[in-house]
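Asker: Since the structure of chain A is provided, determine the placement of chains B, C and D on it from the hints.
Protein chains in written order, with this note's numbering: chain A, 395 to 851; chain B, 395 to 851; chain C, 395 to 851; chain D, 395 to 851.
In case anyone wonders, no lab produced these hints; they're calculated from the structure.
Treat the hints with care, as some may be off.
It does not matter which identical chain is meant; a pair holds if it fits inside one copy or across any two.
What the hints assert, rightly or not - Under the rule of at most 35 Å between Cα atoms (straight-line distance), these lysine-lysine pairs were calculated in the DSBU-like manner:
id: 1; residue 1: 509; residue 2: 534
id: 2; residue 1: 740; residue 2: 509
id: 3; residue 1: 719; residue 2: 407
id: 4; residue 1: 719; residue 2: 600
id: 5; residue 1: 740; residue 2: 600
id: 6; residue 1: 619; residue 2: 728
id: 7; residue 1: 739; residue 2: 581
Spelled out from the first residue to the last, the chains are:
Protein chains: 4
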Amino acid sequence: MSGIFGAYSTTGKPVLEEAYLGLYALQHRGQESAGIAWPNNGRVNTSRGVGLLHNALDQQKLAKIAASSAIAHVSCSPLDLSQPQNILPLSANYARGLIALSHDGCITNLSTLTKQLEQCGSIFHSTTDSEAILHLMAQKAHMQPLDALVDSLRKLEGSSSLLVLLENALVVSRDPWGFKPLCIGEKDGTYYAASESCALDIVGAKLIRDINPGEIVIINEKGIKCLNIPNQNHSIRHMKCSFEYVYTARPDSIIDGRSVYEARKEMGKRLARKSPCPNADIAAGMPDSGTIAGIGYAEEAKTPFELAVVRNRYVGRTFIQPTQKVRELGVKIKLNPISEVFKDKKAVIIDDSIVRGTTARSIISMIRNSGASEVHLRVASPPVLHACKYGIDSRKEGSLAAVRMSVQELCENINADSLSYLTEEDLVAAISLPVNQLCTACFTGKFLPDDNSGQGA
Amino acid sequence: MSGIFGAYSTTGKPVLEEAYLGLYALQHRGQESAGIAWPNNGRVNTSRGVGLLHNALDQQKLAKIAASSAIAHVSCSPLDLSQPQNILPLSANYARGLIALSHDGCITNLSTLTKQLEQCGSIFHSTTDSEAILHLMAQKAHMQPLDALVDSLRKLEGSSSLLVLLENALVVSRDPWGFKPLCIGEKDGTYYAASESCALDIVGAKLIRDINPGEIVIINEKGIKCLNIPNQNHSIRHMKCSFEYVYTARPDSIIDGRSVYEARKEMGKRLARKSPCPNADIAAGMPDSGTIAGIGYAEEAKTPFELAVVRNRYVGRTFIQPTQKVRELGVKIKLNPISEVFKDKKAVIIDDSIVRGTTARSIISMIRNSGASEVHLRVASPPVLHACKYGIDSRKEGSLAAVRMSVQELCENINADSLSYLTEEDLVAAISLPVNQLCTACFTGKFLPDDNSGQGA
Amino acid sequence: MSGIFGAYSTTGKPVLEEAYLGLYALQHRGQESAGIAWPNNGRVNTSRGVGLLHNALDQQKLAKIAASSAIAHVSCSPLDLSQPQNILPLSANYARGLIALSHDGCITNLSTLTKQLEQCGSIFHSTTDSEAILHLMAQKAHMQPLDALVDSLRKLEGSSSLLVLLENALVVSRDPWGFKPLCIGEKDGTYYAASESCALDIVGAKLIRDINPGEIVIINEKGIKCLNIPNQNHSIRHMKCSFEYVYTARPDSIIDGRSVYEARKEMGKRLARKSPCPNADIAAGMPDSGTIAGIGYAEEAKTPFELAVVRNRYVGRTFIQPTQKVRELGVKIKLNPISEVFKDKKAVIIDDSIVRGTTARSIISMIRNSGASEVHLRVASPPVLHACKYGIDSRKEGSLAAVRMSVQELCENINADSLSYLTEEDLVAAISLPVNQLCTACFTGKFLPDDNSGQGA
Amino acid sequence: MSGIFGAYSTTGKPVLEEAYLGLYALQHRGQESAGIAWPNNGRVNTSRGVGLLHNALDQQKLAKIAASSAIAHVSCSPLDLSQPQNILPLSANYARGLIALSHDGCITNLSTLTKQLEQCGSIFHSTTDSEAILHLMAQKAHMQPLDALVDSLRKLEGSSSLLVLLENALVVSRDPWGFKPLCIGEKDGTYYAASESCALDIVGAKLIRDINPGEIVIINEKGIKCLNIPNQNHSIRHMKCSFEYVYTARPDSIIDGRSVYEARKEMGKRLARKSPCPNADIAAGMPDSGTIAGIGYAEEAKTPFELAVVRNRYVGRTFIQPTQKVRELGVKIKLNPISEVFKDKKAVIIDDSIVRGTTARSIISMIRNSGASEVHLRVASPPVLHACKYGIDSRKEGSLAAVRMSVQELCENINADSLSYLTEEDLVAAISLPVNQLCTACFTGKFLPDDNSGQGA
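Just chain A, same shape as in the assembly:
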């Protein structure tokens, strides 16, 4: 998974520091590397590094550079990031000038593309999906860069929300299925593109709209121009990722027109209606991801809402090594239930989803030790039954709790008094996009037909 951000100022204003701030708002989409690319006298410059944003990039140096267009990237890639060529944005200076690209997604026909390109003399320097796009363009040195790009995009299968920086333009495109979110905004003559609208908010830009699946938007000194990826062989069925609403995206983002906060709260409310917990004394979210659904649940169920499990404010800031002692103490290192709140209470706990189930078991045990008389778990999404082929993350199907156990077995395994999930129908209704525009494959297994042979990396 990645977070991508681009900026193009039609009035010549410097944009690199805004790109840094855009990444700051998107840091939750990738903590392992960050990079920025910008044009400099006909060539492309980049600054890229490993780790969180401030480790990877130098904000103050960027603030002093006068580039008026840029693309930027945060990634949680499983690639070998000790090799700097694997850190996006990728860039090159080829026969037709500079090119740089940021890419959120997973190209499912990558190995075929790579072989074809190498036979024509391409040397691959990275192990990223994205480098194939560079070589596809370089092999078309006889075409204008923009034509070469459009021609290249037609060859890609899988998910691709893409920002391409050229000498005089920023190109923004979303694959024909619209797997990954991508939107554009504007402020004072500068155009922005971002994975989520929260990154437009941080720079004070106004959301214009989401990029349509299969659309190419070209931003240059004249403004915005839109194309569609031509001659696409695939029947266009939208596959917008439903897991963005469940977990991935920030609650303050609006994706394809729907507020993520509102969607999550609605998931909680619908969960309360279908899976009530009569006579519960308190309702609490599993920190941190279950809190919003928890508020919705509590409001609908008229159960008092409590911030009853305290998360150490320094988790992620002050690191704890996983020593033997730490493993013995478990989640207690990070989370602490408040005994005064739980003592002799029947508690209903709301989580956003269950992946492996290990954290749920630990927390429920801790809450029982705090004196709760009953602990009921409610999950604000359906059981996760399939690995994602389109780039959410790298979890394996065999590790998924819902694959290994029935709901009843899992309930016993985590030692809950009861366990219920949100239905697929309620999930779709809470997101409130048409069901045939959403990808729910990780819950339902409804992948695109051709993808069965693909790898779910």
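Answerer: Here is chains B, C and D on its own, set in the frame of chain A:
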């Protein structure tokens, strides 16, 4: 302000990694330095450093050391920490053996003590309050260390929650007024002392009790023994810090018998009764410190509670430099109100306290831009009118919003539709300790009589 | 200028640590970057970095890797080394497998080659000469790697001592003019290639012979095989660099059959015969590079030899910043003449060459201040009058002392009592290679005919 | 062993950068730590660190500080330098103001002094000899600092070349035996004190004279004033270290009136007369320390002098880890004999001294492998038979080659064709100081009478 932690195993178990974890639970009490001291063959070893815990100390190295007693410290000291001798715990090997000490507090007669000690040959190596205690003991080389310590404690004015490590004992003491919290716990034959009970929770220890004001507890291989600081000239009036309940302490701590979470929620409820906000559509806490009072307020007022201002999860983990651009964008960098929640709503916002007032103004402005029709602010403590002389922090009286403006002026200044505070009576009632045992001097100016000439550092 | 080293074990022994040590012996040929490349399961791995060897590479990590072939490189390149792709060895995995290369030299038709390659789809990632060789090969994906390499070498103009690592072979080649030195050695079934024989000594290998100009040597599991670069259009006139003997190479190296130490001592002796300094009391070398010629001079002239100017042993180890104060104090920071030796003496100082003349002036001034009655300078090579086009260094012609001044003017400028140079004839005779096999272009301007338009980088 | 440097400007000029440069000239006396102390508004500031000068200190920061007096220190102390309080100069702000001190030497009655001071309340923070001097002064808070210092110096046994910085003075003193060198110089109203005169040369100062044994020189705004350490109980017998002339000092220093270079060359000449090597073809010094004696030897013996063993210029700059491979290759990593010079030659090698004998054996073996027909070793000092009690280094007596073997056995052990040493008489004559003013205890065992119980650290 500091967080202090000590451990003494009567069964010879290693305790350094638990000390590290204890500090992790207390990190909110000091982010600028951290240190640990332990005995090693009759001498004292220390590991100390600057910054957050994991920058300052090496957990894995500590985990390998077999010391069965230790004291540890996190500090937000305003001292020059580039001088390592200013980082606590302080330690020395003097004529009677090893000594190390951790100290949360502020000695108000420090300059007098220093002059007397230097005339007798003492060389001060640090600019800490705490070093005077070391020299007071070293000058009594003819006495047993414990006698020398008791004799030394009598000479201190001001606040002193103190851990002293000797060759074969851990000494825990609280000054006669009990300004700063300090408690002890136990697990499997190991005794622990900590600023707050949340640090006992993290190592799985059971809270025994709080140290009494004026009490000295000696932990050694035989167990626990208690003394009182003898011959104290002062009339004993307890002065337990009420600001711990308002802001400083973690909500999952129990201090002097009272749950901080319950106290905060009760502050919110009392605020809702005395300062209602009729017909408000939503109630939200000022992130992060106002959230618990906000839940109490919403529950009492029967107003829907919303997590309506999103705090970037990476604040403090991914650093943003305060450049010109960042100053322009203001708190928006860290916080983002959710427009869908605020749009056309009458909102009541609950904060724990107002110190300078600048953040409140920024957030209210941001909430208005998100479309709120009215923004009312409720503060869950009385106006802060005095600098603290006992070591809460180093804020100057002139910078306090409530000193510079009337409530009405401040309400206009921050552009709220209305502004109300909790009363002192309700604060004391919410904490539910006897009023004559609480220090409310920062709200009321009721300092100890002798302290008028002291410095409020 | 660069130092290159390669190793191929026919018995499967690990060679990476020997490659590190080989670079250690060649460090004088390049202090700005270092790198090593080796094959790993059909792909190429590299370790590369900036600065001296131990900053750039990790000896202990390399020692643990079981690769039985490798190439290695130290460089004093003027390229932007903050871009890691500019650090040699360059490497790629292309359609026909792995390739890596180390290159000492300067390709004089680089810009023409680059344009042709980009039109065919090549993307250049570095600004090195050497990358063109990689793309020349990748564009020939239909040929065997070795054939593609031979075909590529034919297209190069300028100087190229080259090591190419393939999956199962190490290829060693020297351009048809033999500008840069390159030799091979052997020990216990492992073959080595190195810029200078001192790097064979350090690993205990025996020098087999120098590579002939225009020769390609292929080392694989079967041993050694030799080819010539075919169809070379140029008349073969050898151009072996004479400056290697004057300054560049280590005195313990043997280059093209001639001991550098012996050559330098002979330069000193011939200088003493043609340019005597009658009645000199002492002879001393300009530290460090003039010492060996100084010993030869003193021996021939029967003048007592003294190590009369002491060089601070920590020059280069303990860094001195060029502050105003340091500029005032000048070379005194690094060098100190011994007054007891120079006092009232007529001294003759021998240097290897004069480039800018500034150091000579400073040292002569310092020696006079030490009490010398006369200071005569003798230079063990002819005046340097031309910038090198073949990669010795990047000095500009305008900065050369001998271009700006006559010998008499320079003598006055540096305040010597007399100044003489070695003649070209004596230089050639001291090196004792046939005159038509040596490049003396920096002294004489006799460059290859086609090179007039080339760049002297 | 340490190198110490002090500066006091009577005209108010900044001296910190000169102190840095002074240490640069003295780096050979200590590579493990470096520090500088200077007065700042009545208090003492220090900058100290581990490793070579540029790792330990920041020249450019020091250059910006306007202090007109300072003391500085480099040390090769065996103390635990991870404890910064062990890095000299030591400093304190005590009842009578600031004090800092640099100390080259070894206090032989340290443990007695420490016990007395601790009984009076002193807390020791370091494990250095020098801290006792600070506490001796602090315990005399009723006396003027200068009087307290003089009184303190009387109590010290062993070697002590000392620089003491006070608020308005720099005090320079040498113990009554004069073990360690110490001299003063002047330039333009600034006075300097240094372990060796080469450090005066680097800042352009003129050597005034050596400090006399037992002398105290006070430098302040009025200039220089001299005292003697009063009431010294010991009969004054000078014990100036002869090993400074053999090995320790730089050849360009003048110590107690004698040029180190001249002394070394004379050692070589006397060695040639007493221990000739008839019909030797070449003479060479053992790099680096035997070179000057080698020149003297060759000149006297009329044998051609050759720089026949090349030392890698990057030894100490590019680090080599002592892996298994490196141990196998041995000294070859650093040194390379030139075969063309040694082939079929009878060689005489001159070394300054033999301590463990292991290096000699390795080099002789290497020279034989280079083709030498005979290898004769001549040592320009007597056999080292005793560990030093006065701080030269920390070698143990049991490790000394001459203790474990007779000359004949050692000759066989190192595989030399013959081996001879300089006599004590010739050593003294070469140094040309009166024999009763030199310490030759490491050769002869003639220590001071009281020192038998002392530790030779």
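Asker: Please go over all the hints and tell whether each is borne out by the structure.
Answerer: Okay, the hints, checked on the actual structure:
1. 509 with 534: both (17 Å within a copy, 15 Å between copies)
2. 740 with 509: neither (60 Å within a copy, 61 Å between copies)
3. 719 with 407: between (53 Å within a copy, 12 Å between copies)
4. 719 with 600: between (49 Å within a copy, 18 Å between copies)
5. 740 with 600: between (45 Å within a copy, 23 Å between copies)
6. 619 with 728: Intra 49 Å, inter 33 Å, cutoff 35 Å: inter-copy only.
7. 739 with 581: Classified as between: cross-chain Cα gap 26 Å, same-chain 51 Å, threshold 35 Å.
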